[in-house]
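2 protein chains.
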Amino acid sequence: MLEKLHAHIDAHFEAHLDRVRRFVRQPSVSADGTGMKEMAELLATEIVRLGGRAEVCPTAGHPVVYGEFGVGAPKTLLVYGMYDVQPVVGEVWVVPPFGGEIIDFPPHGLCLVSRGATNQKGPLASFFNVLETCRAVTGTFPVNLKLVIEGEEELGSPHLPDFIRANKARLTADAVYFPAFSQDLTGKVVMYLGVKGIVFFELVCRGGEWGGPTTRAVHGSNAVWFHSPTWRLIHALSTMLAPDQKHILVDGFYDEVEPPGEEDRELLERLAATFNPETSLQAHEVRRFKYDLSGVDLLKKYLYQPTLNIDGIISGHTAEGTKTVLPHEARAKLDCRLVPRMRPDLTIRRIREHLDRHGFGDIELVPHDAYPWAKTSVRAGVVQALIKSFRDLGFEPEIWPHLGGSAPFYLFSDELGLPFAMGGLGHGGRAHSPNEYATVEGLRLFEKSAVNFLYNFAAG
Amino acid sequence: MLEKLHAHIDAHFEAHLDRVRRFVRQPSVSADGTGMKEMAELLATEIVRLGGRAEVCPTAGHPVVYGEFGVGAPKTLLVYGMYDVQPVVGEVWVVPPFGGEIIDFPPHGLCLVSRGATNQKGPLASFFNVLETCRAVTGTFPVNLKLVIEGEEELGSPHLPDFIRANKARLTADAVYFPAFSQDLTGKVVMYLGVKGIVFFELVCRGGEWGGPTTRAVHGSNAVWFHSPTWRLIHALSTMLAPDQKHILVDGFYDEVEPPGEEDRELLERLAATFNPETSLQAHEVRRFKYDLSGVDLLKKYLYQPTLNIDGIISGHTAEGTKTVLPHEARAKLDCRLVPRMRPDLTIRRIREHLDRHGFGDIELVPHDAYPWAKTSVRAGVVQALIKSFRDLGFEPEIWPHLGGSAPFYLFSDELGLPFAMGGLGHGGRAHSPNEYATVEGLRLFEKSAVNFLYNFAAG
Chain A
776 MLEKLHAHID AHFEAHLDRV RRFVRQPSVS ADGTGMKEMA ELLATEIVRL GGRAEVCPTA
836 GHPVVYGEFG VGAPKTLLVY GMYDVQPVVG EVWVVPPFGG EIIDFPPHGL CLVSRGATNQ
896 KGPLASFFNV LETCRAVTGT FPVNLKLVIE GEEELGSPHL PDFIRANKAR LTADAVYFPA
956 FSQDLTGKVV MYLGVKGIVF FELVCRGGEW GGPTTRAVHG SNAVWFHSPT WRLIHALSTM
1016 LAPDQKHILV DGFYDEVEPP GEEDRELLER LAATFNPETS LQAHEVRRFK YDLSGVDLLK
1076 KYLYQPTLNI DGIISGHTAE GTKTVLPHEA RAKLDCRLVP RMRPDLTIRR IREHLDRHGF
1136 GDIELVPHDA YPWAKTSVRA GVVQALIKSF RDLGFEPEIW PHLGGSAPFY LFSDELGLPF
1196 AMGGLGHGGR AHSPNEYATV EGLRLFEKSA VNFLYNFAAG
Chain B
776 MLEKLHAHID AHFEAHLDRV RRFVRQPSVS ADGTGMKEMA ELLATEIVRL GGRAEVCPTA
836 GHPVVYGEFG VGAPKTLLVY GMYDVQPVVG EVWVVPPFGG EIIDFPPHGL CLVSRGATNQ
896 KGPLASFFNV LETCRAVTGT FPVNLKLVIE GEEELGSPHL PDFIRANKAR LTADAVYFPA
956 FSQDLTGKVV MYLGVKGIVF FELVCRGGEW GGPTTRAVHG SNAVWFHSPT WRLIHALSTM
1016 LAPDQKHILV DGFYDEVEPP GEEDRELLER LAATFNPETS LQAHEVRRFK YDLSGVDLLK
1076 KYLYQPTLNI DGIISGHTAE GTKTVLPHEA RAKLDCRLVP RMRPDLTIRR IREHLDRHGF
1136 GDIELVPHDA YPWAKTSVRA GVVQALIKSF RDLGFEPEIW PHLGGSAPFY LFSDELGLPF
1196 AMGGLGHGGR AHSPNEYATV EGLRLFEKSA VNFLYNFAAG
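Chains as they are written, first to last, in the numbering used here: chain A, 776 to 1235; chain B, 776 to 1235.
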């Protein structure tokens, strides 16, 4: 059966590429709303054309496209996708960014070069090609499918939680799947079984009863007898992280941090064999790690330590030239990456308590985004089905217990109580940048691996 | 004689106002060069018309206008002035900013409302009116005069040092005088006998061999294993000033700081009688001083303590919204106000040594502007002549040993070895702001006090 399905993919690959190009040619920039309505309607039309039931569900922001393919199969897969892309304003491309052109793109070979090619319309359209393939060859699907395709991923998914909570009843399933390309530049398949959580917040120090200018910057000579909110914020921050940047000094910050469990330790041992720290240093143009460690020990720091990062800080005169002012306000944006089993609310509370205890009760803490970490066991059926789909095609995946970054997968793991998996063969790059691309051969490989994944999951 | 001169001022005051308006109607914005050439020529023409010798001296920036009135008098006064003004771009005025209009301007009464009215074309043109008065009534001047009128004061006088050093031979004089309005809103005359010095510099922390991203910001999740230049700059800064902001922790920073001498202590005792700290808090919208002190003790802190002020700091993502990055660079602009007998070179060197000693040798220290403090004794003839000119007209000046701010008067005191004095009756406000003004009655009072000053100085 899989051979027949793969043969169909090869035989109809030109038509499949046309679908991918149709998806990327429809602009859908969530930041300014360009083409969002049209893209949502395009998706709904495609779902209906493939025999599904589609609904464009309004939210307080851009709508969620919901689709259902009920085929009476024993298992149900919830597919999470996104239809929005990053803006292209001010970018210089070798092709029109919404042109969907396929060109020779050294050193990657023949590529679709287009906004959304890899993040994530390429994988999404390819998944629709997989559905077309199953339906054309078998008349049905190996699993029931529910599609949740949001239009605000690039904005931080602000209204997805509302949608998930409001639709819990109809979002029952056995697992969640996120179509994505898993191969790196060298062709290696890299799998992540989870994500870290995040809290993003601002610290704002303003002049007030404690001292300092309250309404505007004043002449810098007054620093001799008035306090500075800028210095105050700097002193407050300096109490929160050790100077070697290895240890967060906020009381209780690590209380819920859990060392890797047995399953993770096994994964780490295997991961250390293929993980090359030099690649990471080179990719980021960094000369050395904070830690003089390697292998499993370095991976443990990377995956199981939380962060307290300053994303930005600003105060006073920052333009060119000399201007001497005593600022009335200083602002810093920070984020903490949360590892198992940290909680966003406890993290924020401890930072607040730390500031209060150190005499900085006047410094305002403004929480912005926050969500917890999420993980699925490597033993979960949906994960094993994905691993098998790689192996079926001759690829041994490098498996990471979770990502260093964050995504709101807790909505599936915590809110819906479902295991999740993400990925597929294929390679793309330059997400959020000019000349975003996906290799044409990768698009074909993705379809084959995703077909296998669906059948593996159904059989698992 | 003074009566005759004052009568001449009153009799010709309409014509005198016309000169002031002619000066302010000629735009002369050093920041973008608008009208600078025309203003320099206007000044040279006026000097010649008053019987002097004028020269427009090129510099690497805007020219210095030099003038001489040699009348064979025993004493010579060097008059320092400025002919450039701040830009008006984007400002909203009640009159055209270069219109030279005289309007009722509550609560100040009849005012010249114009860019330059108080800073400093109003006082400068009024001083030309004084010269016209002396010449018309007496046919000569009580002192020889040398005029140095620069066109880059609003830019920080970058080329005035070159001019002064290159022209030392012909800049011989007995004292220096800077025409300015000395009366505050209430009519009180406030005199300053000197200025603090300043060093303005940047601290720049970039990723490098020590760690951190070296060429661009990277994804914030990497903060778990890469260093942050932002945190590093914050930790470096936090070692430089005590958290209560009362003491600079840089070794040797205070070594050259001198307590007030006997003359200054006497001035402070008198000053404390009229100095009202509440006025300063209110004017700057600040609730409290750093120090729980008053009177002489508070004044001592204000005048005899150096500062280490952060004028601005910037790093990473500072725009609206969430963006998690690990920045590759952090920059802070700082200035130190230098009190007697601190030296700019030693101050910079000690900050550099402090950073090195605390392990921050990689943080770049970029010196920008720097010049020393400058003071003239209250007993100097030129100062006594100015004080007497106020008393002549019934005003008892409040005398400050020096200003909290800075100006490059060391060029006169140190380079030329001359005592200096600044001021005159008159009141203006809103310098550097829309609706800059000078009261018409203040312009008249300035002329009378400046006539008296010239005669007092000649006789002293």
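Rather than coming from a laboratory, the hints here were simulated on the basis of the structure. A hint or two may mislead.
The list cannot tell twin chains apart, which means a pair is met if one copy fits it or any two copies do.
Calculated cross-link-like contacts (lysine to any residue; reagent style SDA-like; alpha-carbon spacing at most 25 Å) [as the list claims (entries may be wrong)]:
hint, residue 1, residue 2
1, 1098, 819
2, 963, 1064
3, 1065, 989
4, 1098, 834
5, 850, 1191
6, 1075, 1180
7, 1163, 851
8, 1076, 1022
9, 1075, 810
10, 1098, 861
11, 1076, 915
12, 1065, 1013
13, 1021, 1132
14, 963, 1089
15, 1021, 848
16, 812, 847
17, 779, 966
18, 1075, 1169
19, 963, 800
Here's how the hints hold up against the structure:
no.: 1; hint: 1098 with 819; result: neither (57 Å within a copy, 31 Å between copies)
no.: 2; hint: 963 with 1064; result: within (24 Å within a copy, 63 Å between copies)
no.: 3; hint: 1065 with 989; result: between (39 Å within a copy, 14 Å between copies)
no.: 4; hint: 1098 with 834; result: between (47 Å within a copy, 23 Å between copies)
no.: 5; hint: 850 with 1191; result: within (16 Å within a copy, 93 Å between copies)
no.: 6; hint: 1075 with 1180; result: within (15 Å within a copy, 54 Å between copies)
no.: 7; hint: 1163 with 851; result: within (19 Å within a copy, 97 Å between copies)
no.: 8; hint: 1076 with 1022; result: within (11 Å within a copy, 38 Å between copies)
no.: 9; hint: 1075 with 810; result: neither (43 Å within a copy, 66 Å between copies)
no.: 10; hint: 1098 with 861; result: between (37 Å within a copy, 13 Å between copies)
no.: 11; hint: 1076 with 915; result: neither (46 Å within a copy, 85 Å between copies)
no.: 12; hint: 1065 with 1013; result: both (18 Å within a copy, 21 Å between copies)
no.: 13; hint: 1021 with 1132; result: both (22 Å within a copy, 21 Å between copies)
no.: 14; hint: 963 with 1089; result: neither (41 Å within a copy, 39 Å between copies)
no.: 15; hint: 1021 with 848; result: neither (51 Å within a copy, 74 Å between copies)
no.: 16; hint: 812 with 847; result: neither (32 Å within a copy, 88 Å between copies)
no.: 17; hint: 779 with 966; result: neither (27 Å within a copy, 96 Å between copies)
no.: 18; hint: 1075 with 1169; result: neither (29 Å within a copy, 80 Å between copies)
no.: 19; hint: 963 with 800; result: neither (29 Å within a copy, 73 Å between copies)
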